[in-house]
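Chemist: Sequence:
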Amino acid sequence: MKQPDRWSAEKAAAWYARQPWLVGTNFIPSTACNSTEMWQAESFDLATITRELGWARDLGFNSIRVFLQYLLWKDDAEGLKARFERLLQIADGLGMTVMPVLFDDCVFGWPRQLDPFLGKQREPIPGMILPSWTPCPGRFLGSDPAERPGLRSYVQDFVGTYGRDSRVVIWDLFNEPLDAVGVGTPEFLQQVFGWAREIEPAQPLTVCIYNAFAAGNQVILENSDIISFHGYLQTPQLEARIAWLQGHGRPVICTEWMARTLGGSYQEQLPVFKARQVGCYQWGLVNGRTQCQYSWLNLPGDTPDPQHGWFHDIFYPDGTPYRPEENRFIRDFLRGSV
Numbered sequence: 000m001k002q003p004d005r006w007s008a009e010k011a012a013a014w015y016a017r018q019p020w021l022v023g024t025n026f027i028p029s030t031a032c033n034s035t036e037m038w039q040a041e042s043f044d045l046a047t048i049t050r051e052l053g054w055a056r057d058l059g060f061n062s063i064r065v066f067l068q069y070l071l072w073k074d075d076a077e078g079l080k081a082r083f084e085r086l087l088q089i090a091d092g093l094g095m096t097v098m099p100v101l102f103d104d105c106v107f108g109w110p111r112q113l114d115p116f117l118g119k120q121r122e123p124i125p126g127m128i129l130p131s132w133t134p135c136p137g138r139f140l141g142s143d144p145a146e147r148p149g150l151r152s153y154v155q156d157f158v159g160t161y162g163r164d165s166r167v168v169i170w171d172l173f174n175e176p177l178d179a180v181g182v183g184t185p186e187f188l189q190q191v192f193g194w195a196r197e198i199e200p201a202q203p204l205t206v207c208i209y210n211a212f213a214a215g216n217q218v219i220l221e222n223s224d225i226i227s228f229h230g231y232l233q234t235p236q237l238e239a240r241i242a243w244l245q246g247h248g249r250p251v252i253c254t255e256w257m258a259r260t261l262g263g264s265y266q267e268q269l270p271v272f273k274a275r276q277v278g279c280y281q282w283g284l285v286n287g288r289t290q291c292q293y294s295w296l297n298l299p300g301d302t303p304d305p306q307h308g309w310f311h312d313i314f315y316p317d318g319t320p321y322r323p324e325e326n327r328f329i330r331d332f333l334r335g336s337v
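Numbering (numbering that gives the first Met the number 0), first residue to last: 0 to 337.
For the record, the hints were derived by calculation from the structure and aren't laboratory data. Just to be clear, a hint being listed does not mean it is correct.
[Claimed, not checked] Calculated cross-link-like contacts (lysine to aspartate or glutamate; reagent style EDC-like; alpha-carbon spacing at most 16 Å):
#: 1; residue 1: 73; residue 2: 156
#: 2; residue 1: 80; residue 2: 164
#: 3; residue 1: 80; residue 2: 41
#: 4; residue 1: 73; residue 2: 114
#: 5; residue 1: 10; residue 2: 199
#: 6; residue 1: 119; residue 2: 44
#: 7; residue 1: 73; residue 2: 143
#: 8; residue 1: 273; residue 2: 197
#: 9; residue 1: 80; residue 2: 156
#: 10; residue 1: 273; residue 2: 238
#: 11; residue 1: 119; residue 2: 74
#: 12; residue 1: 73; residue 2: 146
#: 13; residue 1: 119; residue 2: 41
If you're wondering where the values come from, they're calculated on a predicted model, not measured in any experiment.
Construct the complete structure from the given sequences, taking the supplied hints into account.
Modeler: In C-alpha cells:
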C-alpha cells in the first residue's frame, strides 16, 4: 500500500490561509518541571493549567505548543490521553488551539537526564534553566530497535485519535532532533513522518529547523507540510532566517523564540512575524519549576543576567507581569492597538 504523499505546497498554503495568525506560547504549568510531571496523574495540575492558560488568552495568544511523553503513554495510554483531552477542552473553551510535540531530544540540568522516568521527578537545581527536563523517548528507549513498534503505536494512537480534531492545529513530530540525546537521526525522522502520514491527518506535519544538522534538515524540509524553525535570534538574523525558509515556498511558523539575553524583543520581533505572516510561539509563560529566568549558560547557584533580566517567562506565579510594559505591548499589539 502506497504511503500518502506530503501535502503539496498549494494545499499547505490553502490550509495556512484558513488559519488566524498563529501566535502563542510553549506551555508547561508553573507547577511542573518537565513533561512527565505535567502529565503524570499524581501531579497533573488542572487548576493551575486553567488559570495560566487564562492569562495567556488574556494577552491575546490563540494557540499553545505542548510536549507529550511516550513513557507515560507506554505506562497508561488511556490515562495520558484523558488528561490531554482535558487540556484540549480548557484551551478550546478559551479559543486556543494546541500543537502537540511527540518527541524531543533536548536535555538540560546537571547531570543531564538522558531518559525519562516515572514517579517523583528530580527537584530543580537552583540557578539552572529546565534543570529537571527529560527527553522523549530518551536515549535508552529511542535507541532500542525492539521499541520501534511501540513508538509507532504511540504516534499513530495520538494522530489517529486527534487527526481530524479542530482543537489540534499542527503535529510537531520531533523537537530539536539530534540534540544532546541523539535519537532523532535522519532515519528515525523519516520513520516518524511515515508513521504519522499513514493516518492521513487533517492537520499538517512539521519538525523544526534549529541548527546546521544538514542531513536531518534535508529530511525535515523534504517532509514537513509546514516549515517550522526556532528563532532565538537578534532581529536582523531572525529576518534573514525567515526569508531563507520562506524561499522554500511553504508557510513558515516559528515554534520557539524570545530570549532576552540573546537579543529577543517583543516590541521588535512580534511586528516582524506579523508582517512576514509567520506564526510564532514564544518559550515560557509563567515562571516556576522550569526556572526559565536563567539562561542556557547558567550554572548551579547562578542568578539571572543583571543587564537583560530573565531569559524567558513573562509572569510571576501569582500572575503579576515580570515586565508590565512587555505585557502591555503584547496585549495592545495582538488586539490591533499598536
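Chemist: State the violated hints by number, sorted upward, taking the hints as numbered earlier in the document.
Modeler: 8
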